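J.: Okay, here's what each chain looks like letter by letter:
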Amino acid sequence: MAVQYIEAKNVNLTFTPPNRMPVTALQGFDVAVGEGEFVSIVGPSGCGKSTFLNVLLGLIKPNSGEMAINGNPVSGPGRDRAMVFQEFGLLPWRTVLDNIGLAPELRGVGKRQRRALCQSFIDMVGLSGFEAHYPHELSGGMKQRVGIARALVSDPDVLLMDEPFAALDAQTRDIMQAELLRIWQEAKKTVLFVTHQIEEAVYLSDRVIVMTKRPGRTKTIIDIPLKRPRDYEMRVTPEFNELKLRIWNELKDEIDTQGGPQL
Amino acid sequence: MNANETPAVEISERSFYDRYESLILGTTFIVLVLVIWQLVPSVFTLSKGMKLFFATPTMVVGALGDLIESGKIWPAVQFSATAFGVGLGLSIIVALPAGVILGRSQLINDMVDPFITSINATPRLVFLPLILIWFGIGMWSVIVVVFIGAVFPLLINTYEGVKNADKLLINVVKSYGATEWEINKLVVLPNSMPFIIAGLRLAIGRAVLGVVVAEFFGGSSKGIGVIMVRASGTFQVDVVFAGLIMFMAISLVLTGIVRAIEARFSRWRPQETKNY
Chain V
1 MAVQYIEAKN
11 VNLTFTPPNR
21 MPVTALQGFD
31 VAVGEGEFVS
41 IVGPSGCGKS
51 TFLNVLLGLI
61 KPNSGEMAIN
71 GNPVSGPGRD
81 RAMVFQEFGL
91 LPWRTVLDNI
101 GLAPELRGVG
111 KRQRRALCQS
121 FIDMVGLSGF
131 EAHYPHELSG
141 GMKQRVGIAR
151 ALVSDPDVLL
161 MDEPFAALDA
171 QTRDIMQAEL
181 LRIWQEAKKT
191 VLFVTHQIEE
201 AVYLSDRVIV
211 MTKRPGRTKT
221 IIDIPLKRPR
231 DYEMRVTPEF
241 NELKLRIWNE
251 LKDEIDTQGG
261 PQL
Chain G
264 MNANETPAVE
274 ISERSFYDRY
284 ESLILGTTFI
294 VLVLVIWQLV
304 PSVFTLSKGM
314 KLFFATPTMV
324 VGALGDLIES
334 GKIWPAVQFS
344 ATAFGVGLGL
354 SIIVALPAGV
364 ILGRSQLIND
374 MVDPFITSIN
384 ATPRLVFLPL
394 ILIWFGIGMW
404 SVIVVVFIGA
414 VFPLLINTYE
424 GVKNADKLLI
434 NVVKSYGATE
444 WEINKLVVLP
454 NSMPFIIAGL
464 RLAIGRAVLG
474 VVVAEFFGGS
484 SKGIGVIMVR
494 ASGTFQVDVV
504 FAGLIMFMAI
514 SLVLTGIVRA
524 IEARFSRWRP
534 QETKNY
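Sequences listed follow chains V and G, in order. Using the working numbering, read the first sequence as starting at 1 and increasing by one per residue. Using the working numbering, read the second sequence as starting at 264 and increasing by one per residue.
Excised from the complex, chain V in its bound form (with noise of 0.2 Å):
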């Protein structure tokens, strides 16, 4: 097997929320991810697969387990990782070309540098002329646009995408799927996509990782062998539909039905 370019090994995390019983969020977590891969995560809710995210991210520290990115051990945030959120988290005090520019802001790039910097990323998520507007003057899927943008323009090696089309509406999610296939192809980077929606995951994909419910830990991982470029179309196919059939079908075990009916 080739050398991995995210590589997490025995990842265990256990958090006490004040005056609560410690939860152990995730067990014994594995993740690889070659280069210039795509790789969703999907997994019920609460099973801890955001909360993975954030572990590499850098902004929670694990408990036990080993990290690295292209060799490098992770050990806080670092300039090979950038986060894709889901509520975009945008300041909102800030236009479009300064909320893109906020990573080379605070490596001390100078105003006009991070301009010209910005501006190859701002046509590449098709945001020309938006480059004044405040968030509130944009409509979710042109949020979410920014929100890429701001972590293309750190030039991560690895992009972390933690459900980021869960808060649009399902025309705009279509178009941004497709909108990120394109820019992953351009932009060429590894990507590790968390989202509870199967349809998306077997999309975009490159593999698969099913995670069992709390303490989460890696069910199966199921590689999506559809040619790429993908289309629309593609996602009438029986092919994909089996695909879809085989995860939920790992998935469905996992969902917590107490209170609702049996599957």
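For the record, the hints were derived by calculation from the structure and aren't laboratory data. Don't take each hint at face value.
[Said to hold, decoys possible] Simulated pairs of lysine to aspartate or glutamate, EDC-like, Cα-Cα distance not exceeding 16 Å: (1) Lys430/G x Glu131/V; (2) Lys437/G x Glu105/V; (3) Lys111/V x Asp80/V; (4) Lys448/G x Asp223/V; (5) Lys244/V x Asp223/V; (6) Lys437/G x Glu131/V; (7) Lys188/V x Asp223/V; (8) Lys448/G x Asp98/V; (9) Lys213/V x Asp30/V; (10) Lys143/V x Glu131/V.
[To be verified] Partner residues aside, some chain G positions facing chain V, computed with beta carbon under 7 Å: (11) Leu431; (12) Asn434; (13) Val435; (14) Ser438; (15) Tyr439; (16) Gly440; (17) Ala441; (18) Pro453; (19) Trp531; (20) Pro533.
Note that this is a predicted model, so its numbers are computed, not measured. Backbone N, C-alpha and C fix where the C-beta goes; we use that ideal spot for every residue, glycine too.
We have chain V already, so just place chain G on it with the hints.
T.: Frame of chain V; chain G shown alone:
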């Protein structure tokens, strides 16, 4: 065609009155009150005692004019304004960083919270005798009274704002490697701005109150408050009113300044009024 159609009613079609309705109504009412006030002595016959304590708007304007013309008011205005400005300035310098530190560090907050809560719960006038002993009668006593009045609302509001700062946005800048200082500058302070401005509004009120209280209760021998107390002692009601108007005018100007600051910091906010 742009999706945002122009509103059906053109702005220019609205009449002068429609456009300035609230302004016209407000001004008219003030003028009406002043006119009635002015007419009171000529409509009602006031007793001798009442006459002594009564001042019409023209008398007040006259007294104010005299104070300004004779130049007697300027040292007092300068004194009061300096005490106000220095006291408020010091409270801003202390309260903003302290509020950020308290909001960001649970440890320090736990240490000093009882102290802040107890002083804030105490009427500030209680400290006046102590302050007079420590700082003597004069400018510094007034400054200290202004300071202890203004610092707490600003500190507590800043703290609340910082504590409620958006965790997601903090995580965003953290993930790009921001230091604690950068987190505060880029997220925490802008995010707390509405709280801080509300605190500033309160602090300005308390600071003006501090000047008045300190000058009324023997904190200094100068200032607009002192002129008012002395005039009151000699029944110069018109001069007392003149002092009152000075304080009113100052408070109005300061409110205007806070509004301007608020507008400067909320340009990015969605407009409150929308085209329906």
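J.: Are the hints correct? Go through all of them and say.
T.: Evaluated hints:
no., hint, verdict
1, Lys430/G x Glu131/V, "25 Å, violated"
2, Lys437/G x Glu105/V, "13 Å, holds"
3, Lys111/V x Asp80/V, "23 Å, violated"
4, Lys448/G x Asp223/V, "45 Å, violated"
5, Lys244/V x Asp223/V, "11 Å, holds"
6, Lys437/G x Glu131/V, "24 Å, violated"
7, Lys188/V x Asp223/V, "20 Å, violated"
8, Lys448/G x Asp98/V, "14 Å, holds"
9, Lys213/V x Asp30/V, "15 Å, holds"
10, Lys143/V x Glu131/V, "12 Å, holds"
11, Leu431, "5 Å, holds"
12, Asn434, "6 Å, holds"
13, Val435, "4 Å, holds"
14, Ser438, "5 Å, holds"
15, Tyr439, "5 Å, holds"
16, Gly440, "5 Å, holds"
17, Ala441, "6 Å, holds"
18, Pro453, "5 Å, holds"
19, Trp531, "4 Å, holds"
20, Pro533, "4 Å, holds"
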